[in-house]
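Chemist: Start from the sequences, fold in the hints, and give me the full structure.
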Amino acid sequence: MRAPSLKATDFHRAFGTRPVSRTAHFVLHVLPRQSVGHPTPGDLSTPSLPSGFEAVEDMGVVTAWRLGMVLPKKQARRSVTRSLIRHQARDALRRYGLLVGTAACAQGAEGWVVRLKAPFDRQQFPSAASAALGAAVRAELDQLWSHLLKPARSAPQTLPAASGGKEAGA
Numbered sequence: 001m002r003a004p005s006l007k008a009t010d011f012h013r014a015f016g017t018r019p020v021s022r023t024a025h026f027v028l029h030v031l032p033r034q035s036v037g038h039p040t041p042g043d044l045s046t047p048s049l050p051s052g053f054e055a056v057e058d059m060g061v062v063t064a065w066r067l068g069m070v071l072p073k074k075q076a077r078r079s080v081t082r083s084l085i086r087h088q089a090r091d092a093l094r095r096y097g098l099l100v101g102t103a104a105c106a107q108g109a110e111g112w113v114v115r116l117k118a119p120f121d122r123q124q125f126p127s128a129a130s131a132a133l134g135a136a137v138r139a140e141l142d143q144l145w146s147h148l149l150k151p152a153r154s155a156p157q158t159l160p161a162a163s164g165g166k167e168a169g170a
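Going by the working numbering, 11 is the number at position 11 of the sequence shown; the sequence numbering is gapless.
What the hints contain is simulated information worked out from the structure, not anything from laboratory work.
Please read these numbers as outputs of a predicted model, since none were measured by experiment.
Idealized CB from N, CA, C, for every residue including glycine.
The reader is advised that the hints may include incorrect statements.
[What the hints assert, rightly or not] What follows is a set of in silico ranges between Cβ atoms, one per label pair, in the way DEER data are often shown: (1) Gln143 x Pro72: 17 to 25 Å; (2) Pro72 x Gln124: 15 to 23 Å; (3) Arg18 x Pro119: 33 to 41 Å.
[Stated by the list, open to error] Computed cross-link-like contacts, DSSO-like style, restricted to lysine-lysine with a CA-CA straight-line distance of at most 30 Å: (4) Lys7 x Lys73; (5) Lys117 x Lys73; (6) Lys150 x Lys117; (7) Lys74 x Lys117; (8) Lys117 x Lys7; (9) Lys74 x Lys7.
Modeler: In structure tokens form, the structure reads like this:
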């Protein structure tokens with residue numbers, strides 16, 4: 001079953017976060033998971049369960065990753081180009097979804113939003129859906145997703161400052 005589409009409020013939530021990855025043409029935002037309070041037994045649609053059974057709401061089932069895309073006409077004038085980018089972005093999520101899933105769970109994410117921030121050069125790619133443009137989009141999306149797989153840079157270790165002041169007994 002396909003995950004539900006992103007709504008306008010989902011895009012607002014995603015754009016309210018800092019981008020997790022950037023390339024020359026794309027920005028990747030994480031869609032934070034909504035914190036929903038635990039339902040009370042009166043709110044559940046199922047009656048009380050016999051012992052040994054667990055309610056579906058308590059099973060912690062991970063839903064499929066959701067992907068939203070913002071491909072403005074200002075950045076990609078032709079619909080063929082936007083469609084090519086859309087197909088490449090979905091394919092990239094299929095390739096990297098399982099790999100970045102652990103990072104997403106650690107961040108409390110339920111999905112991603114890919115935004116096209118700059119147009120591709122029409123002089124370099126005159127055709128709206130050429131193989132060269134498809135390869136360039138694929139390479140850049142791979143770079144965008146693979147950035148999430150790199151281990152987080154650890155903060156530099158600071159040495160304790162030498163005590164140059166007065167001692168307690170002096």
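Chemist: Confirm or reject each hint.
Modeler: Hint-by-hint comparison with the structure:
1. Gln143 x Pro72: 17 to 25 Å: 21 Å Cβ-Cβ, so the 17 to 25 Å window holds.
2. Pro72 x Gln124: 15 to 23 Å: holds (20 Å)
3. Arg18 x Pro119: 33 to 41 Å: Hint violated: Cβ distance 24 Å, outside 33 to 41 Å.
4. Lys7 x Lys73: Holds - the C-alpha atoms of Lys73 and Lys7 are around 20 Å apart, at most 30 Å.
5. Lys117 x Lys73: holds (11 Å)
6. Lys150 x Lys117: This hinted pair holds, its Cα atoms lying about 23 Å apart.
7. Lys74 x Lys117: Judged against 30 Å, a Cα distance of about 10 Å means the pair holds.
8. Lys117 x Lys7: holds (20 Å)
9. Lys74 x Lys7: It holds: about 22 Å lies between the C-alpha atoms, which stays within 30 Å.
The structure does not agree with numbered hint 3 stated previously, though it agrees with all others.
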